[in-house]
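Novice: These protein sequence lines are chains A, B, C and D, in that order. The first sequence runs 1 to 257 under the working numbering. The second sequence runs 1 to 257 under the working numbering. The third sequence runs 1 to 257 under the working numbering. The fourth sequence runs 1 to 257 under the working numbering.
Check each hint, because a few of them may be wrong.
Identical copies carry no separate label here, and so any pair may be met within one copy or between two of them.
To be verified - The list that follows gives simulated cross-link-like pairs (lysine to aspartate or glutamate, DMTMM-like), each with its CA atoms no further than 25 Å apart:
{"no.": "1", "residue 1": "Lys-219", "residue 2": "Glu-6"}
{"no.": "2", "residue 1": "Lys-188", "residue 2": "Glu-95"}
{"no.": "3", "residue 1": "Lys-188", "residue 2": "Glu-217"}
{"no.": "4", "residue 1": "Lys-28", "residue 2": "Glu-217"}
Read the hints as simulated data drawn from the structure, not as lab findings. Computed from a prediction, not measured in an experiment: that's the story for all the values here.
There are 4 protein chains.
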Amino acid sequence: MKTRVEEHDIIVLIDENLRKIIVDTNGKTDKIRGIGVIDPKTLLGNEYGKKLQIGNKQFWLLVPSVQDKLQGIYRQAQIILPRDAAHILMNCAIEPGQTVLEAGIGSGSLTIALASAVAPTGHVISYDIRQEFIDHAMKNLTQADLTRYVTTKIKDVTTGIDENGLDAVILDIPNPWLAVSHAWVALKIGGYLCTYSPLISQVEQTVRTIQQHPFIECKTYENIQREMIVSTHGTRPSFEMLGHTGYLTFARKVTTL
Amino acid sequence: MKTRVEEHDIIVLIDENLRKIIVDTNGKTDKIRGIGVIDPKTLLGNEYGKKLQIGNKQFWLLVPSVQDKLQGIYRQAQIILPRDAAHILMNCAIEPGQTVLEAGIGSGSLTIALASAVAPTGHVISYDIRQEFIDHAMKNLTQADLTRYVTTKIKDVTTGIDENGLDAVILDIPNPWLAVSHAWVALKIGGYLCTYSPLISQVEQTVRTIQQHPFIECKTYENIQREMIVSTHGTRPSFEMLGHTGYLTFARKVTTL
Amino acid sequence: MKTRVEEHDIIVLIDENLRKIIVDTNGKTDKIRGIGVIDPKTLLGNEYGKKLQIGNKQFWLLVPSVQDKLQGIYRQAQIILPRDAAHILMNCAIEPGQTVLEAGIGSGSLTIALASAVAPTGHVISYDIRQEFIDHAMKNLTQADLTRYVTTKIKDVTTGIDENGLDAVILDIPNPWLAVSHAWVALKIGGYLCTYSPLISQVEQTVRTIQQHPFIECKTYENIQREMIVSTHGTRPSFEMLGHTGYLTFARKVTTL
Amino acid sequence: MKTRVEEHDIIVLIDENLRKIIVDTNGKTDKIRGIGVIDPKTLLGNEYGKKLQIGNKQFWLLVPSVQDKLQGIYRQAQIILPRDAAHILMNCAIEPGQTVLEAGIGSGSLTIALASAVAPTGHVISYDIRQEFIDHAMKNLTQADLTRYVTTKIKDVTTGIDENGLDAVILDIPNPWLAVSHAWVALKIGGYLCTYSPLISQVEQTVRTIQQHPFIECKTYENIQREMIVSTHGTRPSFEMLGHTGYLTFARKVTTL
Chain A
1 MKTRVEEHDI IVLIDENLRK IIVDTNGKTD KIRGIGVIDP KTLLGNEYGK
51 KLQIGNKQFW LLVPSVQDKL QGIYRQAQII LPRDAAHILM NCAIEPGQTV
101 LEAGIGSGSL TIALASAVAP TGHVISYDIR QEFIDHAMKN LTQADLTRYV
151 TTKIKDVTTG IDENGLDAVI LDIPNPWLAV SHAWVALKIG GYLCTYSPLI
201 SQVEQTVRTI QQHPFIECKT YENIQREMIV STHGTRPSFE MLGHTGYLTF
251 ARKVTTL
Chain B
1 MKTRVEEHDI IVLIDENLRK IIVDTNGKTD KIRGIGVIDP KTLLGNEYGK
51 KLQIGNKQFW LLVPSVQDKL QGIYRQAQII LPRDAAHILM NCAIEPGQTV
101 LEAGIGSGSL TIALASAVAP TGHVISYDIR QEFIDHAMKN LTQADLTRYV
151 TTKIKDVTTG IDENGLDAVI LDIPNPWLAV SHAWVALKIG GYLCTYSPLI
201 SQVEQTVRTI QQHPFIECKT YENIQREMIV STHGTRPSFE MLGHTGYLTF
251 ARKVTTL
Chain C
1 MKTRVEEHDI IVLIDENLRK IIVDTNGKTD KIRGIGVIDP KTLLGNEYGK
51 KLQIGNKQFW LLVPSVQDKL QGIYRQAQII LPRDAAHILM NCAIEPGQTV
101 LEAGIGSGSL TIALASAVAP TGHVISYDIR QEFIDHAMKN LTQADLTRYV
151 TTKIKDVTTG IDENGLDAVI LDIPNPWLAV SHAWVALKIG GYLCTYSPLI
201 SQVEQTVRTI QQHPFIECKT YENIQREMIV STHGTRPSFE MLGHTGYLTF
251 ARKVTTL
Chain D
1 MKTRVEEHDI IVLIDENLRK IIVDTNGKTD KIRGIGVIDP KTLLGNEYGK
51 KLQIGNKQFW LLVPSVQDKL QGIYRQAQII LPRDAAHILM NCAIEPGQTV
101 LEAGIGSGSL TIALASAVAP TGHVISYDIR QEFIDHAMKN LTQADLTRYV
151 TTKIKDVTTG IDENGLDAVI LDIPNPWLAV SHAWVALKIG GYLCTYSPLI
201 SQVEQTVRTI QQHPFIECKT YENIQREMIV STHGTRPSFE MLGHTGYLTF
251 ARKVTTL
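Using the sequences and the hints given, assemble the complete structure.
Specialist: What follows is the structure, encoded as structure tokens:
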């Protein structure tokens, strides 16, 4: 394992408020949000795990984990949060070696989680109807060093899916019910469909469409995360809490009901 | 992809209440809970994705996913539920190729989730102080076809950790604070410590011990899962709900604070 | 304050599992669920606050509070739980002296809470379309010694409300939206409408109907109650938890929007 | 019922963001937060339930309910929110005619809820060790027109309680366990003790102290409130959510365990 930053390393800088900045030491002198103008080459040779002074701020220097990659992405739209991505990976039984499709790509947050989970032998196909979202997500995937596991397509998933034998199809689009029959065709037997929707009415239309196809194990969940604050005074749940992200619906392809 | 059950296949049978039975077609005629006495060879040649009549019950026949493996385990103690395993995998940034340690092994539920996530090139080391728990967990790992990714040890993790450079150390023991300093030594720089505890007092002792070591990003979470019931009458949260599983504390090794 | 049970007292017996039995000492020898056949007169003279041996069981003896009355009712249908009744009282700003209408009466659980809150000078009017529910609820109200504050009517609230100038109208019926315009007419200016519905689709139809009338402050809430278990081992949320009761929608009458 | 504002009326003005301003029409020309300088007399004669133009803003004009009084208070510290006050009233079985003690008074929020519930024949005694908190709370009680139901005392409740035969004692102080034995003495038989604490360690010390006294029905709850947003697009839980307020512990006095 590397102990010091070497050429071509991608690193993460973590400040004292735990904000994360991912830096490609191979890059050119550039303005980096939260740091200022910096030549990444000046970071070479620094020791991983230690604190580093850059300008008037201090940063811990680490090799980026998937968590860092997810937390360090540039957002341009509402993203699927890591807590929901965690449940998608688990409930869709994502494993190394699988081929999975997601639509749309958003900022590439779920794409990073999926690509990390199917690597090194699997692959993620990602549809989006907006070129600018694909471009934005690819920047985040490049920063996360995961582009080799991802193929993007400008395509509306409600018009059909080109691939077949897929291990999972994950839909983060406003009208997932329109892609349910395409997903059924594209999935392998036993493969998982997942949809992510903030509204109950979306869940209802999706579940009703799923029920008209040979899917089993159709379940809808909401995941609520509470942070516990442990201080010297004592322990309590955090006052700050996100009240809702989205509902996750899962189902699994069979051939007869 | 296989369309019919072949020799040596491990299969999952899912009944109409979604109970899952994992069967090794290579096994001998045996009594299987929920089916009765059956010669697994009689299942060969059946078509995946279809329904199968066995005795007076019907089962869908599928190739088991990680989910099936987790849901099909034989429990002998309180297990870490898949919903919490999902957060452990995500917040510890578990990836293919990593080496991770867990203690204790319990029924092998988290072991299955970890082994699936680090395969095919990674490895799980699992400590437990009770031989019978290791034996029981190994049966579940055998059924899940994951033993090649797991090494077990009869060892009390509070007395020390033999390995080093670990990507993650996950503690599901009553007194995780006693293993925090061993975990720090055994982890790689940037590696993750995770503890799972049902009680607030356990969380407090653990967090206070973590704070005395060079760990950053120390956070404690509780994950609450609500199922939504979508019926023809309308949609509502399930009346049935598990009120609590455990608190998950995460932290990450650095070398200076 | 009375220290011993006197003639005509209504008392509550609380067993060691905190189950509550309300007994009218004025009643005749009868079989009482959880006690057996007993002549209530034999309880006279016992000291409040002390434990009492009846048969082979022990009971604390107290003057019943509203809580006891609510917990001691005989249920014949799903009831509005005290936790939701509490929010109804607060969000409808129920006070001594008010006149409030509820429909339907159910087992009389909310009726007891309302009657206790508007007493001694206020009144509760309760509609139900089923005589047997009214009869059952009146038994619970009699036991709670609150009948003088309650008037019942066999009437379908969706066909109209006879009263006017009401401080609050509370609807626990399957189709509350059909009574929204009647409630608007029957309420005083500034009076509160409340509906209790388990399903999202009921909430949606109700809120949309409310929005077509001069109501302000229309809000929908779900109340989730977690019990914390404090034991010598430590503290944690209870594993047992009711996942859902119902959604509470509140709105307030004005004359112009 | 009044249809127009008359002399001596206390009124509530509700703006389009549902912010509430309580105005005593008897008061002098003054600067009112959210309105500007106004002579309350100019509001006389306006019609209740209608919208009123004041300066460049519009307000609904109503007779204030308890809810308005609670929402219109001036806060100077963390208050007990109406949702928690609702549970205190219910679980302490507060009724018209009772005598209850609270300590400390805070901004008078719970005092308003208690006074409204015990009126017209009951009374609230409120201890606080800080004169400025009592003064501030009394302003809110005056605005709520409830001072005749409240007696305040500068007194530390952990040093003792002067009153006895109380229906309920409610403690919102940092160290409620120090007042548990005083509360036991001051309560009537069957009376309720309630403590409100944000931290688990406070709950633990309180519960352990309660368990050393003749109290039954000792329970601790946390109430979580979720708002549901119903829009033309569909329905979902609010993204905004308060993650924690405090734990409520209840217990009830008996004379033998």
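Novice: Against each hint, give a clear statement of whether it holds in the structure.
Specialist: Against the structure, the hints come out as follows:
1. When the C-alpha separation of Lys-219 and Glu-6 is checked against a cutoff of 25 Å, the pair qualifies neither within a copy, at 47 Å, nor between copies, at 30 Å.
2. Within a single copy, Lys-188 and Glu-95 get their C-alpha atoms as close as 15 Å, and across copies as close as 24 Å, so both meet the 25 Å cut-off.
3. For a Cα distance limit of 25 Å, the shortest separation of Lys-188 from Glu-217 inside one copy, 15 Å, qualifies, whereas the shortest one across copies, 39 Å, does not.
4. Proximity of Lys-28 to Glu-217 under the C-alpha cut-off of 25 Å is found in neither arrangement, the shortest distances being 50 Å within a copy and 29 Å between copies.
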